Each structure stands twice: as structure tokens, then as C-alpha cells.
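Colleague: Could you build the full structure based on these sequences and the hints that come with them?
4 protein chains.
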Amino acid sequence: MNEAPIQSVALLVVDMQDTFLKAIPDAQTLLARCAFATEAAQLLGIRTFFTAQVPDKLGPVSPRLTSLLPEEAREAHLFPKTAFSALQAPGMMEVLSNHQIDHLILAGIETPICVYQTAIDAANEEMAMTLLSDGIGGRRRDDRQPVIDSLARIGCHVLPAEAVFYSILGGADHPSFKAFTALVKKYGDTAPQQS
Amino acid sequence: MNEAPIQSVALLVVDMQDTFLKAIPDAQTLLARCAFATEAAQLLGIRTFFTAQVPDKLGPVSPRLTSLLPEEAREAHLFPKTAFSALQAPGMMEVLSNHQIDHLILAGIETPICVYQTAIDAANEEMAMTLLSDGIGGRRRDDRQPVIDSLARIGCHVLPAEAVFYSILGGADHPSFKAFTALVKKYGDTAPQQS
Amino acid sequence: MNEAPIQSVALLVVDMQDTFLKAIPDAQTLLARCAFATEAAQLLGIRTFFTAQVPDKLGPVSPRLTSLLPEEAREAHLFPKTAFSALQAPGMMEVLSNHQIDHLILAGIETPICVYQTAIDAANEEMAMTLLSDGIGGRRRDDRQPVIDSLARIGCHVLPAEAVFYSILGGADHPSFKAFTALVKKYGDTAPQQS
Amino acid sequence: MNEAPIQSVALLVVDMQDTFLKAIPDAQTLLARCAFATEAAQLLGIRTFFTAQVPDKLGPVSPRLTSLLPEEAREAHLFPKTAFSALQAPGMMEVLSNHQIDHLILAGIETPICVYQTAIDAANEEMAMTLLSDGIGGRRRDDRQPVIDSLARIGCHVLPAEAVFYSILGGADHPSFKAFTALVKKYGDTAPQQS
Chain Z
275 MNEAPIQSVA LLVVDMQDTF LKAIPDAQTL LARCAFATEA AQLLGIRTFF
325 TAQVPDKLGP VSPRLTSLLP EEAREAHLFP KTAFSALQAP GMMEVLSNHQ
375 IDHLILAGIE TPICVYQTAI DAANEEMAMT LLSDGIGGRR RDDRQPVIDS
425 LARIGCHVLP AEAVFYSILG GADHPSFKAF TALVKKYGDT APQQS
Chain P
275 MNEAPIQSVA LLVVDMQDTF LKAIPDAQTL LARCAFATEA AQLLGIRTFF
325 TAQVPDKLGP VSPRLTSLLP EEAREAHLFP KTAFSALQAP GMMEVLSNHQ
375 IDHLILAGIE TPICVYQTAI DAANEEMAMT LLSDGIGGRR RDDRQPVIDS
425 LARIGCHVLP AEAVFYSILG GADHPSFKAF TALVKKYGDT APQQS
Chain B
275 MNEAPIQSVA LLVVDMQDTF LKAIPDAQTL LARCAFATEA AQLLGIRTFF
325 TAQVPDKLGP VSPRLTSLLP EEAREAHLFP KTAFSALQAP GMMEVLSNHQ
375 IDHLILAGIE TPICVYQTAI DAANEEMAMT LLSDGIGGRR RDDRQPVIDS
425 LARIGCHVLP AEAVFYSILG GADHPSFKAF TALVKKYGDT APQQS
Chain W
275 MNEAPIQSVA LLVVDMQDTF LKAIPDAQTL LARCAFATEA AQLLGIRTFF
325 TAQVPDKLGP VSPRLTSLLP EEAREAHLFP KTAFSALQAP GMMEVLSNHQ
375 IDHLILAGIE TPICVYQTAI DAANEEMAMT LLSDGIGGRR RDDRQPVIDS
425 LARIGCHVLP AEAVFYSILG GADHPSFKAF TALVKKYGDT APQQS
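Protein chains in written order, with the working numbering: chain Z, 275 to 469; chain P, 275 to 469; chain B, 275 to 469; chain W, 275 to 469.
Incorrect hints may appear among the rest.
[Claimed, not checked] Okay, derived cross-link-like pairs now, SDA-like style, lysine to any residue, Cα gap no bigger than 20 Å in a straight line:
no.: 1; chain 1: B; residue 1: K460; chain 2: B; residue 2: E313
no.: 2; chain 1: W; residue 1: K459; chain 2: B; residue 2: A297
no.: 3; chain 1: W; residue 1: K460; chain 2: B; residue 2: T293
no.: 4; chain 1: Z; residue 1: K331; chain 2: P; residue 2: H448
no.: 5; chain 1: B; residue 1: K459; chain 2: P; residue 2: A297
no.: 6; chain 1: B; residue 1: K452; chain 2: P; residue 2: H448
[Stated by the list, open to error] The following residues of chain P were derived to be distant from chain B, with all beta-carbon distances above 12 Å:
no.: 7; residue: S336
no.: 8; residue: S359
no.: 9; residue: V369
no.: 10; residue: P420
no.: 11; residue: T455
It should be emphasised that the hints constitute simulated quantities derived from the structure, not laboratory data.
Fair warning: this is a prediction, and the values are worked out from it, not measured in the lab.
The beta-carbon is built from N, C-alpha and C at its ideal position, and this holds for glycine as well.
Modeller: Okay, structure coming up:
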């Protein structure tokens, strides 16, 4: 991560809507990790995009996440869609292309459906892709690891959010180090993980 | 999955006979996942084949599965065999070849025996192969992951059924989306998985 | 496994001595799986070799295993050694070479020490190697998987014993099928595995 | 490991400071495994280096580890740093280069941060890298395996300390075998691992 210019990287948070979250085990932990990634991206100047699956029917992206973007930016960074892949949301590829984004940090739900299809599309578009291992989730626990392993085999990076953002910082001399450390502490109260 | 034309894909369900199922932990969950895959394949127009290991002695494929095929199609889609590999069932390769099937979605039992040997044969025949991670099972729990990892290393895809079928759908605009969502719900009552 | 001529395959059981076994969790299960592999190899005509680490000091290979070889063959198939790698036991490479063995099925203890170094040596000798996932063990549980993954990455096959031997059989028509099935049942009473 | 000349290998123990250790589950086990690796390296003539993250603020490397080096050598083998990667500690690359070190055995904390970035840097420098699976740790348990898998995919070796050091010994004839066995026993009292 620490070699790509930050301008070419974007965080893409897929379908974090309450309709889906309520069916997911540990949904609050997942929401907190996505909020951490979103706040970290804001801090480090990484563009952040949200998608919503058929929001007219299924409701909006969790306000806990969208409220982390500056109010005037929310609309431009929110993409409704009917396709499962986030890259097929109307306008998404144009925006990524306009900003010369060639590396996506991917979070959201569900791992075997919209996250998987987004990653496959990104690979087909020859974009680099980093899945946040602590930022993706799904209803069926045992479906998770086979999907992650499949995506890793086609070249997708799979890393926890801290590995990604600490790599971008690079060291304690980074001007945002203190603010980032505060973020890590803030989200350290997240419910304990299962080992 | 979403790039292969649907006509060239087949679902192959191996040896789901009661004799074997009764020795397998979580057999009811496995049977339900195979039924889900079979119903999904029917819905999406994916040809489905069953094999039975020496059925004269060991009994038929579970009627819960075969009853999901239209009655007039059952016989033509059921292959008795003595070899462990499903591809060595008499007539199987001819049928796959006649239908120009070059990608198999594989489910059934047992992972280290008939499923493994079928996947090895498919690799030797240069057919693509997708193992359903939630659709295969065996008596010995710890034997599962080494077999899956071995097959993945020789190019076998390993994905849960939902990842496969949602990829074929591609989005909420697909004409079978509603019916498929109903199927997912129907099989959501399956006994909870172990994480 | 089902493509190598059986004559070129050998089972190599490393250092199954009581001194080491008594320090290993689930030693009785491991001993049973090695006995199963040894009996299966005898049945299928696969040469079987045992090594013992400094047996003058540390005692003999468990008689439960050596007693499975015909009495007159035991001495010629038992290799004492001081090196950790079984392939560095005096006379071992000559015997393997004389019998034109180019594929080793490997079992025994300890996974991170003698098993690991044997597999590394085999890779350096360009011999094929299949680790029996249910036939290897060690004192420290968490040391197991990293070693297996490391060996898999350099081309070592990793499979449970049933996957290996059922592949050699190929089907219910094999003349040894019934006898092998009886063996599987005999060893099915092995203490239940941890999932 | 057993092919690299021992002079070209170094043990690098990253940021084992109490500030970080107190936030880590099983910190005492981790500290013991790093002490084992350090003692083993001393015994076998492998140079050992420690780094400390901003020690003026965050305190020194645990004396349990530094006290294992001869008193006169401690200062020259201890590298304070502000960057997360150990290879960016002032003077580190020069020392490694002067000693013609081209293979690092890596231990310490935290796996997704300083250990990860050190391994990435080593890969970029085309140095060989062996992560000690039992010698690395971090606050968040679930973040561990994705990082290990990511590093393994870019060519990093991942092995437990015993696999590494027993490979360097090669056999019971090695002059340090008895002393090493005593070390293994001394650290065998380490709190039991989780399977």
C-alpha cells in the first residue's frame, strides 16, 4: 500500500444498509470497522465512495457511515445500484476514471455476493484491489473464507484496516500519526473479536 | 462464473445416497445445501446431473434431491457408477461433451474420495471446476480442508453456492432474481453453521 | 496419486518412537492413522519404510507399526538415523533409488522437525512428496499449519490418507476394494477428531 | 533454512516494548518465544538485532530479551526508530549490508504494522525473510492470519522457531544439539497454546 500515490487510491464501502446488516452476525462490530476505515480515509485524504443496493426499496446506507463524510460531499459519493457489483453502479466507473483511481480498498457486505462480484469486476478492469478482512461481512459465517481465498488467488490483496492505514502513514513522523492513533483508540472499544 | 455462457455449465451432484449420508456429521445441512443448489440450477437453466455409487447395492440418490428434477428428466440425468470419479460413470463424458459442458459445479460426498477424484479427472480433462464449499461433505471433518486446499492449488475454484448463483444473476434486474431470493430464504432455515 | 505407477511410490513413516509420542497430544489417534496407512500400503503393494531417530538411545519404532510388516522384511525396511531428515538415514537414498521410488507418501513425527526436513530434502532431490495430513504430528499444535502451508507452497501434496489410498484404488472394481473398506472400518473407531 | 550460510542470516526482533506488550493477548507466551529465538540465535552464532519504536517516549525493549545478548554487544545491536519498518531504523540497512546479511528471521510486534511493513521492505530489498509464526503478535487476533497469508503470497517464509533452528542444526550430530535441546525444554514450560 505504501507505494501507490494516495490520490490513486479510493475506499469503496458496499451496501452497508440496515436491511442487510440486521441479518449479519456481529453487525455492530462490522459497522464500527467500516466507520474506522471511513474516518481513517477522511483523515488521510483518501476518497471514499458508498454504494446502496436499490435504496428506494431497501433503505439508505447506514447514517453512521455517511455522516462521516462532509455534508456537501455525501451525495456525490453515494451510488445507488441494481447490479451486485459496485463497479456497475451508474456513473461509478466514470468517477473512478476521472479521479485516476486505480486501487480500491474494499469494505462492506455481503462478502460472497456484492463484495465478491465487485472484486471480480475490479480484477477484470485490471484495477488493484485490497479487501479489508475486518471490514467485510455476510450472513453465513462459513461462506466467508472460501470467498476470501478465491479472491486472493486471483491477485486481490486481503489485509486488516490497520495494516493498510499504518502502511500509508509509514511512521510516527507522519503529520496525521497522532490523529490516526486517536482513531485506533476510539475504535478499540469495538466488541472483542472471535479468535 | 458470470462470464461462462450458462449453457456450458452443469451442476454435478455426487453420490448423495443415504448409505453415505448417515455416516456424515451435519448430513441434513449438507442435503439442504445440495437441494438449494439443485433448485437454483433448475431456476437458472443449468443442467443438473446426479451420480450414484453402485446403487443396486447401496441404494438410490436421496429422493429429496432427485424429486427436484422434472419427472421425465430424472432417468436421463442419473448416472450409476462403480468408479469413484463421477466422470468415469458410463456415458457421463459423452453427455457432457454432447451438451458442450466445459465447466462443472461440483457438490456431493465424500470430499476426499469421489469429489476429490472427480475434480482431479476434470482437471485432467481441462474442464473448469467449481467446488461448492457448502455443498460437499465427508465422514472425517479434519480431512476436508487439506483436500480443498489441494484442489484449489491445481486450479479448482472453491466458492459457496450463493457466490456462484448470485454471480450468474448479476443483479436485481435479472428476471429470476425474485424467485432466487425466495429460494435463499427457503433454505435460510437450514440448521446454523459452525463458525 | 492415481497416475503414478504403484511401484514408484513408497510410504515413509518417520520416527514413530514412544519417546516422541508420549510428548504429543492425541498420540493414540496419530499412531492409529499411521497404522492405517501402513496396513493400506501393505494391502496395495506399496513399499513401506520406517526411520528411527538414534534408536540405541531413544528406543525402537512403536511395535504397533513395525509388527504390521512381515517379520522377515522388518529389518530391511527400518532405518536408524542421527540426521533429522529421513532421506539422510544411511542407506535410505540407495534403497529408494534401487527401487526407482520417485514419490514418497510421508507420515510420522514431528511435523516441524524431521517431517519438515525430509520434505525439504525430497523437494531438493526432485522427488514427489505427499504429506498425510492425518498421519503427521508434533508437540506444539500451533506449529503444524504454518509448516504444512510452507511445504504446500514448494509443491508438496498434502492429503488425508483416505484421499491417497482411495485414489490408488480408483473404484469399487479394484480387487482390493473390499479388504480396503474393511480397513477403513477397522480404523474408524479411532478417537473422534477435533473439528 | 539449512542451505543459507549461517553468517548471512540475522534474527530481527521488532519493538518488543512493554508499552505494546501490555495490549497484546498472550504477551507472556510471545515474550517467551522471542526469548527462545534469541537464545537459539546466540547459541548458533546468528546475529541478533532489536528495534525499539520511539524508545525515549515508549520505553526500552523488554530487558528479558536484551539481557540475553552479551552486555558489550547490546548497544550496537539495538536500533531506535520512528518509521514502522525496522529496515528504516537509522543505520540498520548499513549494518545488515556490512555483515552481508541477506536473510532475516523476523519476530516481534505488531504483526499487521511494524512486522508487516518490515517484511514488505525486505521483499522490496530482495532480502529473504522468514516470519516466526510463534514469535509475532498483535492486539487484534483476527488481523493476524490475513497478514501472514499476504506475506506468504509475496514469497515470505512462515515457520515456527523450532522448524527454523532444527533445520540449521540438521541432526543430533551437530555440536550444539544438546545445548539446543536443553533450550527447547527450558521454553517448553511456556503457557499452553491455543489450538
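Colleague: Next, verify each hint and record whether it holds.
Modeller: Right, here's what the structure says about each hint:
no., hint, verdict
1, B:K460 with B:E313, "holds (11 Å)"
2, W:K459 with B:A297, "holds (11 Å)"
3, W:K460 with B:T293, "holds (18 Å)"
4, Z:K331 with P:H448, "holds (16 Å)"
5, B:K459 with P:A297, "holds (11 Å)"
6, B:K452 with P:H448, "violated (50 Å)"
7, S336, "holds (20 Å)"
8, S359, "violated (8 Å)"
9, V369, "holds (19 Å)"
10, P420, "violated (4 Å)"
11, T455, "holds (31 Å)"
In terms of the numbered hints stated before, the structure departs from hints 6, 8 and 10, listed from lowest to highest.
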